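Below are the chains, spelled out letter by letter.
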Amino acid sequence: MSGVRTGQRRGENNTLPVDDLPLAASDPDPAELAEKREQLARLKAALLALGERCRELMRYKLEGRSFLEIQRLLNAASINTIYTWDLRCRKQLMEAMGGKWEGGK
Amino acid sequence: MNGPNKDPQRQNPERMLGGYATENLSEQEKQELFSAALQDQQLFDALMEEESLRQLLHQPGAKAELLDALQPKETPLSRFRRWLATPMAWGAAGAVAAAAVLVVMLVPRTPDSQPSLKIARQEAVIQEPPKESAVPTAPAPQQANEVRQMARARKIEAEPKRETPPERDQQSLADNAPPPSAQQQVQQPAFEQQALRQDRQMQVQTTPPPPAAIAEQGPPPAPQVAAPAPPPPPRQPVEYVLLKRNDQGAYSPATSFRDSDAVRIQVTVHESGYMALTRQGESKPLVTAQPVRAGQIVQIPPTGFLLPSSRPYRLEFTRQPAAPGRVGIIGGFRAGSSRAVSSSDEAKQELSKTKDAAVPQPLVIEILIPGSTN
Numbered sequence: 001m002s003g004v005r006t007g008q009r010r011g012e013n014n015t016l017p018v019d020d021l022p023l024a025a026s027d028p029d030p031a032e033l034a035e036k037r038e039q040l041a042r043l044k045a046a047l048l049a050l051g052e053r054c055r056e057l058m059r060y061k062l063e064g065r066s067f068l069e070i071q072r073l074l075n076a077a078s079i080n081t082i083y084t085w086d087l088r089c090r091k092q093l094m095e096a097m098g099g100k101w102e103g104g105k
Numbered sequence: 001m002n003g004p005n006k007d008p009q010r011q012n013p014e015r016m017l018g019g020y021a022t023e024n025l026s027e028q029e030k031q032e033l034f035s036a037a038l039q040d041q042q043l044f045d046a047l048m049e050e051e052s053l054r055q056l057l058h059q060p061g062a063k064a065e066l067l068d069a070l071q072p073k074e075t076p077l078s079r080f081r082r083w084l085a086t087p088m089a090w091g092a093a094g095a096v097a098a099a100a101v102l103v104v105m106l107v108p109r110t111p112d113s114q115p116s117l118k119i120a121r122q123e124a125v126i127q128e129p130p131k132e133s134a135v136p137t138a139p140a141p142q143q144a145n146e147v148r149q150m151a152r153a154r155k156i157e158a159e160p161k162r163e164t165p166p167e168r169d170q171q172s173l174a175d176n177a178p179p180p181s182a183q184q185q186v187q188q189p190a191f192e193q194q195a196l197r198q199d200r201q202m203q204v205q206t207t208p209p210p211p212a213a214i215a216e217q218g219p220p221p222a223p224q225v226a227a228p229a230p231p232p233p234p235r236q237p238v239e240y241v242l243l244k245r246n247d248q249g250a251y252s253p254a255t256s257f258r259d260s261d262a263v264r265i266q267v268t269v270h271e272s273g274y275m276a277l278t279r280q281g282e283s284k285p286l287v288t289a290q291p292v293r294a295g296q297i298v299q300i301p302p303t304g305f306l307l308p309s310s311r312p313y314r315l316e317f318t319r320q321p322a323a324p325g326r327v328g329i330i331g332g333f334r335a336g337s338s339r340a341v342s343s344s345d346e347a348k349q350e351l352s353k354t355k356d357a358a359v360p361q362p363l364v365i366e367i368l369i370p371g372s373t374n
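Chains as they are written, first to last, in this note's numbering: chain A, 1 to 105; chain B, 1 to 374.
Since the hints were made in silico from the structure, they are not lab data.
Don't take each hint at face value.
On the chain A side, residues computed to face chain B include the following (Cβ under 8 Å) [as the list claims (entries may be wrong)]:
id, residue
1, 43
2, 54
3, 66
4, 86
Keep in mind the model is a prediction, meaning the values are calculated, not measured.
We treat Cβ as the ideally placed atom computed from N, Cα and C, and that holds for glycine.
Input sequences plus hints: build the corresponding full structure.
Following this line, the structure appears as structure tokens:
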């Protein structure tokens, strides 16, 4: 009786080998993939619904340009103008996405 | 990835939120943003929202797909405008302008060339004797005669032995004489001949320049007609009108006749010469050759009258008498008489000798005076 308890306490009979355990896949979940693709489609539609200046600003940002470069490209008077434009465009984009970047309405 | 944002005016870290999701911040800017977010809960919550967007954009192909959708779509007009700014467009425009200048300089003006062609054509028409005329027996036009005289004058200067004034006169008469085929004139009704005569009168009224002026200036200038007009019909030295006696005994122009009508022929003489009247089929002239002068208007017969007949009368005109010195005496004759009253039968015989080279060919005008029973 004491041997059984000892064995249980040591975990000698209720353990499994690690190689037999199913490991979680590193690939994204298909459901998540579909959800991501749906979010991307909504984001794309929302970007196309923006005005010309916001679309251009977003395009420069997606291209990886800095705000200083964007200022020169858009011929803005100051960098603060770019920040302001960016804030307004992101607000419009979020509203078009349903108030959130993911999930949405 | 990107250089540090060297914005000296940046003070609010919230402004960097917009660059976090699209990864437009430098490492230093990220650290500043994270530090500010740790101290500000609202900033932290906003940063978490941007993190979800960043993960969305971080998917493979997501940025490329969005960039492709955001690329400005070129319209044909915008594409053309963009092409205009290229050096090739300027070169093409210059080439087109140069080609246009060359075309304007090298292409001749077609309207200017037409008048010279018209003038040349008209001169050729005038200088050539008319081959066809409305009245086959009509002589060459007076202008053409003048041209020929001028040409002969030039020939005389070159070859004085060839031509002498008398010969020239004879030659001009011979030229003026109708061709042999012209004597076989188609018998026309009197009214048709009168219509032809009236047409000729209208055309004859255009007076040509005086011979002296033509001699000085050379060949007559081309008639000032815009279109290449046909040569004017030849003017006959004599023109006639048929007269019919009315109830009062006076003779007036007429076009239709009855078999019993008394007819006379009123002749307007334009050139001096000799005139006789015969009838087809009769050897003796009805009116022997009588001298007439230009501008004279005579009635044939001067006394008596003619009767309508199916045989045409023949009005003969020559510039010289058939037999020099022998001139017939005009006389009247009774109606129906085909005998000449004049006693100079020799003149009539001389007139009939038209084939003699020394005798000028007479101008013969056949006048048909048909009668009707109505």
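Taking the hints in turn, this is what the structure says about them:
no. : hint : in the structure
1   : 43   : holds (7 Å)
2   : 54   : violated (10 Å)
3   : 66   : holds (5 Å)
4   : 86   : holds (4 Å)
Hint violations for this structure: number 2 only, all remaining hints satisfied.
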